[in-house]
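Trainee: Sequence:
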Amino acid sequence: MITDNNKRIAKNTLMLYLRMFLTMAVSLFTVRIVLKTLGAVDYGLYNVVGGVVAMLTILSSSMAPASQRFFSFELGKENNIQLKRTFSLTLSIYFIFGVILLILAETVGLWFLKTKMEIPADREFASFWVYQFSIASFLVTIIAIPYNAAIIAHENLKVFAYISILEVILKLAVVYLLLVFNYDKLIVYSILLFFTTLIINSIYRIYCVRKYSECKYEFYWDKDLFKSLLGFSGWTLFGVFARMLNNQGINILLNIFFGPVVNATRAIASRVSSVVNQFVTNFLKAVQPQITKNYAGGEKVKMMKLVFQSTRFSFYMLLLVTIPILFEANFILTIWLDDLPDYVVIFTRLIILTSFIDLLTYPLNDVSAATGNIKIYQTVAGSIMILNLPISYLVLNMGYPPQSTMYVLIIILSVGFSSGY
1 MITDNNKRIA KNTLMLYLRM FLTMAVSLFT VRIVLKTLGA VDYGLYNVVG GVVAMLTILS
61 SSMAPASQRF FSFELGKENN IQLKRTFSLT LSIYFIFGVI LLILAETVGL WFLKTKMEIP
121 ADREFASFWV YQFSIASFLV TIIAIPYNAA IIAHENLKVF AYISILEVIL KLAVVYLLLV
181 FNYDKLIVYS ILLFFTTLII NSIYRIYCVR KYSECKYEFY WDKDLFKSLL GFSGWTLFGV
241 FARMLNNQGI NILLNIFFGP VVNATRAIAS RVSSVVNQFV TNFLKAVQPQ ITKNYAGGEK
301 VKMMKLVFQS TRFSFYMLLL VTIPILFEAN FILTIWLDDL PDYVVIFTRL IILTSFIDLL
361 TYPLNDVSAA TGNIKIYQTV AGSIMILNLP ISYLVLNMGY PPQSTMYVLI IILSVGFSSG
421 Y
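For the sequence shown, the numbering used here assigns the number 1 to the initial residue and increments by one for each residue that follows.
Hints listed in this document are in silico derivations from the structure and should not be mistaken for laboratory results.
Each residue gets a CB set at the ideal place from its N, CA and C atoms; glycine is no exception.
Don't take every hint at face value.
Unchecked claim - With a Cα cut of at most 20 Å, we get these calculated SDA-like pairs of lysine to any residue:
1) K36 / L177
2) K185 / V31
3) K158 / Y212
4) K216 / N201
5) K305 / G76
6) K216 / I200
7) K114 / L104
8) K116 / P390
9) K114 / A136
10) K84 / E218
11) K375 / L229
12) K285 / Y204
13) K375 / D224
14) K375 / A64
15) K84 / C215
16) K116 / L253
17) K84 / D222
18) K285 / M20
19) K77 / V301
20) K77 / G297
21) K158 / I206
22) K300 / S368
23) K216 / Q82
24) K84 / R210
25) K185 / D122
26) K375 / D358
27) K305 / Y316
28) K216 / T141
29) K158 / S202
30) K285 / F313
31) K158 / L75
32) K116 / G249
33) K302 / S368
To be verified - Listed next, with one range per pair, are the computed distances between beta-carbon atoms:
34) F308 / D224: 26 to 36 Å
35) E78 / K223: 20 to 30 Å
36) I165 / F95: 26 to 36 Å
37) I256 / I103: 19 to 29 Å
38) F219 / T371: 27 to 37 Å
The task is simple: from the sequences and hints, build the whole structure.
Mentor: Below is the structure:
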């Protein structure tokens, strides 16, 4: 049984790496072309304007770990009836959540976009439509989250690799069409990305409905299950909100103090970090369902062994991938982008350093998620992340450069980890 589980983890990891290499290659290529086509200002605007909606998307995606955890738990107990009920209730919650966040996006979010963001006057019209299509992408994405969670819970991760082939083709088509169309390229880019999101998430839904019986929606209501889902999601939401507030809040601060060009710089550095982190997250994504299923099956010793083995392996993997980037960032980024924006090298190095500190907290996160006891962990971790924003504001207000926000984050994370969180 242990051998079968290890084989499944290895197979799923390989499939996720195939997916990662496909998306990574296209991502690195498309960023270079899109940056040249849009220009630094428009590329920065897309990331900061779309980021306002991304805050709402991240809030909704906080339910994803809860969904996957509850699905994996019921699969571990082999309770198919409760699994179907959990899926249906989760989908209902997502629909309600989507409606609420849509209202917030079109009121508070739109007000913030028009009154607080630093947007050039001649790009206000384009920014408005970028925002609207970002909202549309957000709605499509949150409805698809339970289906993605079901695939992960079933450990059928080869599906992600197969669908990624289509996603790669669509993203290449987006770049080609962006070069062909003569209309406002920022608006065209946001429209094309919306349709890419719509197609990919629709395929995930169709696959799940046909493959897994629990994914055929039937209205179901259970007060206790609803409380359990929201309780777990609520504390997860706090942790996700803290990260979102830190990430997008810093993005907005940089926009206010330095303008959209620095937003483009941070977006590029974040893209590099995201690609690098996929080496770790893809492996952990393959392991996490087994961790929860081991706990549900009463195999706690095996669960803890898997948690520490996976964390140690992830650390060495991240170290292997990032050493060349840390030491030769300027050379690598120049090959990729040709003309480097200001601060992009230092931002890239510092964001990667935060990934190492973050990785050390994964054992606590995995165990708390599997057991469902996430209150203390998420409260402490979230509070540490939120603390970064006001300190960064004070530092920038004192005249320090953009990268000072990363130094603040590294210090806060280091202090938090050394104190035991």
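Trainee: If a hint holds in the structure, say so; if it doesn't, say that too.
Mentor: Hint by hint, here is what the structure shows:
1. Pair hint K36 plus L177 holds up; C-alpha atoms about 14 Å apart against a cutoff of 20 Å.
2. Only pairs whose Cα atoms come within 20 Å are accepted, and K185 paired with V31 is accepted, the gap being roughly 14 Å.
3. Restraint check for K158 and Y212: satisfied, since their Cα atoms lie roughly 15 Å apart, inside the 20 Å limit.
4. Taking the CA atoms of K216 and N201, the gap is near 16 Å; set against the 20 Å cutoff, the hint holds.
5. With a C-alpha separation of about 18 Å, the suggested pairing of K305 with G76 holds against the 20 Å cut-off.
6. A threshold of 20 Å between alpha carbons decides the hint, and for K216 with I200 the separation of about 19 Å falls inside it, so the pair holds.
7. In summary, the hint linking K114 to L104 is supported, as the alpha carbons are separated by about 14 Å, within the 20 Å threshold.
8. Taking the CA atoms of K116 and P390, the gap is near 17 Å; set against the 20 Å cutoff, the hint holds.
9. With a CA separation close to 19 Å, the supplied pair K114 and A136 stays within the 20 Å bound.
10. Distance restraint check for K84 and E218: the Cα-Cα separation of roughly 9 Å lies within the 20 Å cut-off, and the hinted pair is therefore satisfied.
11. Distance check on the hinted pair: K375 and L229 sit about 13 Å apart at the alpha-carbon level, within 20 Å; holds.
12. As the CA atoms of K285 and Y204 are separated by approximately 17 Å, the hinted pair is consistent with the 20 Å bound.
13. The straight-line distance between the Cα atoms of K375 and D224 is roughly 18 Å, inside the 20 Å bound, and the hint therefore holds.
14. For the hint linking K375 to A64, the alpha-carbon distance of about 17 Å falls within 20 Å, and the restraint holds.
15. This hinted pair checks out: K84 and C215 have alpha carbons roughly 7 Å apart, not beyond 20 Å.
16. A distance of roughly 11 Å separates the Cα atoms of K116 and L253; the hinted pair therefore holds under the 20 Å criterion.
17. For the proposed pair K84 and D222, the alpha carbon gap of about 12 Å is at most 20 Å, so the pair holds.
18. A distance of roughly 12 Å separates the Cα atoms of K285 and M20; the hinted pair therefore holds under the 20 Å criterion.
19. With a C-alpha separation of about 17 Å, the suggested pair K77 and V301 falls inside the 20 Å cut-off, and the hint holds.
20. Of the supplied pair hints, the one linking K77 and G297 holds, its CA atoms being roughly 6 Å apart against a limit of 20 Å.
21. Between K158 and I206 the CA atoms are separated by roughly 16 Å; this keeps the pair inside 20 Å, and the hint holds.
22. Note on K300 and S368: the hinted pairing holds, with a Cα-Cα distance of about 12 Å set against a maximum of 20 Å.
23. Straight-line distance between C-alpha atoms of K216 and Q82 comes to about 14 Å, which keeps the hinted pair within the 20 Å bound.
24. Of the supplied pair hints, the one linking K84 and R210 holds, its CA atoms being roughly 14 Å apart against a limit of 20 Å.
25. Of the pairs offered as hints, the one joining K185 and D122 holds, with about 14 Å between alpha carbons and a cut-off of 20 Å not exceeded.
26. Distance restraint check for K375 and D358: the Cα-Cα separation of roughly 18 Å lies within the 20 Å cut-off, and the hinted pair is therefore satisfied.
27. Between K305 and Y316, the direct Cα distance comes to roughly 17 Å. Compliance with the 20 Å bound is thereby established for this hinted pair.
28. For the given pair, K216 sits about 18 Å from T141 by alpha-carbon distance, which is consistent with the 20 Å threshold.
29. For the hint linking K158 to S202, the alpha-carbon distance of about 17 Å falls within 20 Å, and the restraint holds.
30. Using a Cα cut-off of 20 Å, the hinted pair K285 and F313 holds, with the two alpha carbons roughly 13 Å apart.
31. In summary, the hint linking K158 to L75 is supported, as the alpha carbons are separated by about 19 Å, within the 20 Å threshold.
32. For a cut-off of 20 Å, the pair hint linking K116 to G249 stands: about 12 Å separates their Cα positions.
33. Our distance criterion of 20 Å between C-alpha atoms is met by K302 and S368, whose separation comes to about 15 Å.
34. At about 33 Å, the beta-carbon gap between F308 and D224 stays in the expected band of 26 to 36 Å.
35. Our hint of 20 to 30 Å for E78 and K223 holds, since their Cβ atoms are close to 24 Å apart.
36. One distance hint, 26 to 36 Å for the beta-carbon pair I165 and F95, holds here, with the actual separation near 30 Å.
37. Between I256 and I103 the Cβ separation comes to about 26 Å, which falls inside the hinted range of 19 to 29 Å.
38. About 30 Å separates the C-beta atoms of F219 and T371, a value consistent with the hinted range of 27 to 37 Å.
Checked against the numbered hints above, the structure breaks none of them.
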